[in-house]
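From just these sequences and the hints, can you work out the full model?
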Amino acid sequence: MKARLQRVIGYLTATVAVLLGWAAISLIIDNPALPLPTTAVQQFIALFPEMLPHIGISFYRIVISMVLGTIAGTILGLIIGRSTKLDAVGAPLLYVLYPVPKIVFVPVLMVLLGLGNAPAIVLISTVIFFQTVVTARAAAKSISPDLVASVRSLGASKLDVARHVVFPSALPSIFTALRISAGTAVAVLFVVESIAGNTGVGFYIVNAWGRIDYATMFAGIIAMALMGVFLYEVINFVENRLVPWAPKPE
Amino acid sequence: MSITTKQTSRPTKCRAAIELHDVSLCYKTAQKETLAIDGLSLMVEQGEPIAIIGASGCGKTSLLNLIAGLRKPTTGTVSVKGESVVGPRKQTSLILQDYGLLPWKTVLDNAALGLSIQKIPRKTARKKAMEALRVVGIEDFATSYPRELSGGMRQRLAMARAMALETDIMLMDEPLSALDALTREELQNVLLDLWQSESYAQILVTHSIEEAVLLGRRIVLMTPRPGKIRTIIDNPEMGTREYRQSAIFHERCTHLRELLLGDK
Ligand SMILES: Nc1ncnc2c1ncn2[C@@H]1O[C@H](COP(=O)(O)OP(=O)(O)O)[C@@H](O)[C@H]1O
Ligand SMILES: [Mg+2]
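Quick mapping for you: the protein sequence lines, in order, are chains A and B.
Take 3 as the starting number for the first sequence in this note's numbering and just add one per residue.
Take 449 as the starting number for the second sequence in this note's numbering and just add one per residue.
Treat each hint with caution, since some may be false.
[Said to hold, decoys possible] Per the computed footprint, the stretches of chain A lying under chain B, defined by three or more beta-carbons under 8 angstroms from a beta-carbon of chain B, are:
1. 146-153
2. 164-172
3. 235-249
[Unchecked claim] Computed list of lysine-lysine pairs in DSS-like fashion (alpha-carbon distance at most 25 angstroms, straight line):
4. B:K538 / B:K567
5. B:K520 / A:K87
6. A:K143 / A:K87
7. B:K476 / A:K160
8. A:K160 / B:K553
9. B:K575 / B:K538
10. B:K567 / A:K160
11. A:K143 / A:K160
12. B:K553 / B:K529
13. A:K143 / B:K520
14. A:K143 / B:K476
15. B:K567 / B:K529
16. B:K676 / A:K143
17. B:K553 / A:K87
18. B:K476 / B:K520
19. B:K520 / B:K480
20. B:K520 / B:K538
21. B:K520 / B:K676
22. B:K476 / B:K538
23. A:K160 / B:K538
24. B:K480 / A:K87
25. B:K480 / B:K575
26. A:K87 / A:K4
27. B:K676 / B:K553
28. A:K160 / B:K520
29. B:K480 / B:K529
30. A:K143 / B:K553
31. B:K676 / B:K480
No lab work stands behind these hints: they were computed from the structure.
As the structure is a prediction and not an experimental result, all values here were calculated from the model.
Here a beta-carbon is modelled for each residue, glycine too, at the ideal position from N, C-alpha and C.
As structure tokens, then:
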């Protein structure tokens, strides 16, 4: 309870600090491209009903992608991390592909998949997938052989070991990876939506920019920022539910 | 070199609990081959407690792994209760130095782990596990996680997990070495009490001379790698906590110490 209160206070303080900084910069540079936070927030509230469908679709894209990418990345990462043979093939492949900036494939995906949800979902899932697969593999590799031996001595099959040892032991690092990739996911979402299609908060922002309507553009930026914060908090919430045994990271 | 002692008569059992016959184990990795155990034979009776002592790397852990069915011998045969060991066996318990507790399971679920792997219904498993926690005296911590337990309590939990499985072979790999001196002595008494009430055959690997003499009816000294049996010391007077205070206990500890120092 106390921790939650501290968290809320933390968020409030940070928000105030950001708004003050924003206001200061806005006053100093005195350019319509950076309106005052008061203007932007007013616009955000006024346009919220209009933005809601865009927020909904962006949310749908990002949540589906994070779920798909995480599940696929976790399963594959744990499997290759536990199998010397698969790792011999999988690891080099991963480390060649991991640093490739996936965002450069936006044009290709648009040609292949059109302008709807597909390019966004494929691209974000891929980014999340690589993040989690690398993390899950490392987590699987770091499992103590003694722990596995102990559980095996109780008659555990490979599946039992996966369920009772490998998967739970990797969960905390998977959540850390998710938290880190939530930010990346929002960024990739923005890029895809701003290039492809006419839906989503990314499109909304770029569209307002095109009309030189900076107040509306900032309303969209606020929506996108709030989405990131919300995602982050959802991840924390799910983690607290699924990983009650781990000491809480601060 | 042997010490003369009064031989207490024991009823002879028909079948051995553990039988190792001319066992050797060679680890093969890409870089090299390591002969860890070389031609070792040992017979452990039903309900007999054995202590094993030997230098690091002489193959003690490997030996326990063989008996637990986690590894196959390169040559020779390993059998438990008259049957050749082909894989992990339900009633053989192996307790390693880190106790093998799962940090993500509560104390109760850790105690019930073996039962749940054996697909025993959850309710029955929990009841049996709770009973085992009571036997080792940590039932008040059933809903805690292992990280909230002291070292001694973790050790008790590992014992409870074995108890819940109605163990008849208990294999322990330096189980008390991470504990402070007082807790260690307390847990030695717990091990002694549990062995007496449950009467499983027990193999305890230890580096402590006193522990070996307190808990081993026979004390097996191993040679440095590749592990073989160097000597076996009979210690028939063991079995009570009071043994610790006796003259024979001290005499035997001194004897064992001399043998071990002779190695250096
Ligand atoms: N999984 C393994 N692969 C290769 N060599 C091993 C393995 N486990 C143990 N060894 C080697 O076998 C020897 C005996 O090891 P171990 O049984 O752990 O000895 P102890 O428990 O007496 O210290 C050591 O030289 C060790 O390096
Ligand atoms: Mg060892």
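To see whether the hints hold, each was checked on the structure:
no.	hint	result
1	146-153	holds (count 6)
2	164-172	holds (count 4)
3	235-249	holds (count 4)
4	B:K538 / B:K567	holds, 12 angstroms
5	B:K520 / A:K87	holds, 21 angstroms
6	A:K143 / A:K87	holds, 13 angstroms
7	B:K476 / A:K160	holds, 23 angstroms
8	A:K160 / B:K553	holds, 19 angstroms
9	B:K575 / B:K538	holds, 18 angstroms
10	B:K567 / A:K160	holds, 15 angstroms
11	A:K143 / A:K160	holds, 15 angstroms
12	B:K553 / B:K529	violated, 32 angstroms
13	A:K143 / B:K520	holds, 24 angstroms
14	A:K143 / B:K476	holds, 21 angstroms
15	B:K567 / B:K529	holds, 23 angstroms
16	B:K676 / A:K143	violated, 33 angstroms
17	B:K553 / A:K87	violated, 30 angstroms
18	B:K476 / B:K520	holds, 13 angstroms
19	B:K520 / B:K480	holds, 19 angstroms
20	B:K520 / B:K538	holds, 17 angstroms
21	B:K520 / B:K676	holds, 17 angstroms
22	B:K476 / B:K538	violated, 28 angstroms
23	A:K160 / B:K538	holds, 16 angstroms
24	B:K480 / A:K87	holds, 19 angstroms
25	B:K480 / B:K575	violated, 48 angstroms
26	A:K87 / A:K4	violated, 49 angstroms
27	B:K676 / B:K553	violated, 39 angstroms
28	A:K160 / B:K520	holds, 18 angstroms
29	B:K480 / B:K529	violated, 35 angstroms
30	A:K143 / B:K553	holds, 21 angstroms
31	B:K676 / B:K480	holds, 21 angstroms
In this structure, the earlier hints numbered 12, 16, 17, 22, 25, 26, 27 and 29 are contradicted, and the remaining ones agree with it.
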